[in-house]
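Peer 1: Single-letter residue listing:
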Amino acid sequence: MLEALDILLQANFWAATIRIATPLIFGVLGALLCERAGVLNLGIEGIFVAGAMSGWLAVYLGLPLWGGVVVAALTGALFGLVHGMLTVPLGLSQHVTGVGITLLATSASYFGYRVAFPNVATPPRIEPFPPLDVPFFGDLPFIGPILDQQTAFTVLAFVCVGGVALVLARTPLGLAIRAVGDNPEAVEAQGLSVVALRMGAVMAGSALMALGGAFLTLSAFNAFYFGMINGRGWVCIALTVFASWRPGKALIGALLFGALDAYQLRIQTIAGGVVPSQIFLMLPYVFSIAALVLVARRADYPRALMKPYFKGQR
Amino acid sequence: MIRFVPRERTPVWLTVAVSIGSGLAALVLTAIPLALTGAPVFTAFVLMAQGAAGDGFALAETLTRATPLIFTGLAAAVAFRAKLWNIGAEGQLYAGALATVALGAGLIEAPPYVLVPLVLIGAAAAGAALLLVPVLFKTRFGADEVVVTLLMNFIVLLFVQMMLEGPMKDEMALGWPQSAPVLDEATLPKLVTGLRLHWGLVLAVVAAVLLHVFISRTVWGFRIRAVGENARAARYAGLPVGKAMALVGVLSGGLAGLAGASEVAGLKGYLTADLSPGFGYAGIVVATLANLSPLGVIPAAIFVAGVFVGADSMSRAIGVSNYLADLVVAFALLSVLVGGLLTRFRIVFVRREPA
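Chains as they are written, first to last, in the numbering used here: chain A, 311 to 624; chain B, 177 to 531.
I should point out that these hints are in silico values taken from the structure, not numbers from a laboratory. Since we're looking at a predicted model, the values are computed, not measured. Some hints here could point you the wrong way.
Claimed, not checked - To give a feel for the contact side, a few chain A residues facing chain B, derived at Cβ under 7 Å:
hint : residue
1    : L402
2    : V406
3    : G410
4    : L413
5    : S417
6    : Y420
7    : F421
8    : V425
9    : L483
10   : I547
11   : L591
12   : M592
13   : L593
14   : Y595
15   : S598
16   : V603
Every residue gets a Cβ at the ideal spot worked out from N, C-alpha and C, and that includes glycine.
Make a model of the complete structure from these sequences and hints.
Peer 2: Printed below as a string of structure tokens:
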């Protein structure tokens with residue numbers, strides 16, 4: 311029993327928590343940006359795969375690490391463009407289109423990987439982002455080892471939280487994005503373009519999602535594997551509701567999830583043999599569903615979420 | 177400028193034409209990445225068509241692959257009709273497969289005319305029960321069923337792995353995680369000796385016809401359609417929306433569960449954790465291609481199955497990855513969504529009037 315509590319005192323546990331949370335931070339930020347503008351983006355799972363694959367491939371082919379990050383973001387924005395075109399001006403079902411984008415992005419990534427590497431036994435590797443050498447704070451006891459295990463990519467995630475929060479809450483653009491997800495008629499009356507705002511938000515949000523995938527191949531691991539996303543994208547959609555579409559709460563939700571996932575990985579080794587490992591692996595998914603059900607009643611959905619808007623139609 | 181004018185009625189030929197056109201558009205779109213790899217595009221498609229329907233064996237293989245897709249396609253069609261976004265057919269399929277093995281692999285000994293129906297009912301009940309959970313979460317707590325059904329797919333697959341490594345593991349299988357084989361009395365017989373095609377296909381077609389009759393000719397079918405068209409209006413008109421949703425959940429989950437039973441009891445004979453290569457997700461594509469019509473699901477499933485079978489044989493012949501099939505299917509889904517606009521709207525070109 312003491313062993314189970316002891317885990318919480320290990321710097322490694324907290325370092326892992328942040329590492330697991332980082333892709334989710336990107337994912338939840340991306341999802342909430344799309345949804346704040348009124349568009350559900352279920353392409354997230356596939357966009358994660360596409361970001362992981364394209365960012366990694368770019369670095370493998372010789373681009374610098376940050377070049378890979380940019381390539382991943384552009385790939386995400388491209389799939390966001392497709393999702394946006396189909397759901398915003400054409401007003402197609404956001405559910406089915408999102409599933410379609412996931413299928414398309416996933417199969418395109420897998421196909422591209424197989425074309426580039428027809429028969430490889432072990433996945434080719436790259437040199438990933440190195441751990442940070444944090445001045446001063448890195449030398450502190452306990453905190454130091456946690457910080458020193460993180461990479462610059464994680465810092466980018468935290469910067470993005472601040473950036474998205476600032477834009478949404480404090481700028482005219484943010485106000486317009488929030489308004490277009492709540493009351494598109496009012497936005498149109500202001501002389502702004504609903505289509506442009508929604509398309510922009512979906513593309514930016516999709517770029518953020520792709521960064522979540524790229525973190526896995528450029529920082530957490532050093533190679534691309536089939537099935538490496540494994541539902542992380544869907545988890546982000548649940549966390550977005552849990553975070554009630556707020557960047558700050560998104561960060562907390564992602565960190566909570568990361569802590570839970572890191573904890574179940576460690577407790578598995580203690581309880582190993584007695585309880586099947588699959589029980590622990592189920593926990594993150596069960597946790598996501600529970601979080602969703604708990605907050606669903608009082609969830610303050612953007613009022614025009616999933617409602618297509620056609621100009622001049624009431 | 178272009179304006180979309182809603183259609184009052186959609187001619188049937190147009191719906192069919194859009195579905196076929198979308199399938200063709202998907203193949204054209206897939207030609208682009210295929211050409212980028214340097215593969216001979218035309219040869220590849222000819223090989224795909226031959227692999228899917230070139231001879232009796234190929235055709236039988238395509239129909240075998242279509243069987244679970246008809247079930248999952250129907251599962252998606254009935255759910256989407258009522259705007260219940262069940263993306264969890266994959267998990268419900270595995271629940272059905274698990275029930276098939278639990279009942280049919282020795283627990284009960286009975287003659288085939290008892291055991292086969294029992295196994296099928298058990299599998300349908302397991303799939304239905306699994307979908308009732310998110311339906312309940314939706315109607316009671318307002319939790320979005322898309323996310324819940326998606327996440328449950330992962331939980332169910334982990335549960336299947338746990339059972340196959342634990343209580344349901346076949347000790348004879350030399351450490352390989354698979355279940356004990358289903359009894360001969362629980363097996364769906366082959367349709368033609370020497371081929372893999374089995375009675376699951378007949379069941380699937382019967383299910384499609386029954387669902388068509390149910391939705392278009394019965395009171396509850398009408399209620400389901402009404403809830404899907406406009407849930408608020410249906411509630412205002414005094415229709416039992418909650419009950420209709422629960423019924424849709426039972427039908428959709430049950431059909432997906434039958435897909436699992438048909439694969440285990442008709443084709444594989446035992447359960448492994450890689451039973452389904454995404455039949456649940458492909459069912460969404462099938463249903464959309466079929467414009468959510470139960471009868472349309474049959475040809476749509478055969479088309480999607482043909483793409484997969486054809487791509488497998490093409491990739492063996494010229495060495496292009498068979499992930500190409502997934503690409504065709506994804507393009508088909510997006511094409512039919514866009515094409516669906518033509519069935520719902522007339523596109524009118526009007527001259528922009530001076531402001």
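Peer 1: Hint by hint, work out which the structure violates, then give me just those numbers in ascending order.
Peer 2: Hints 9 and 13 contradicted; others consistent.
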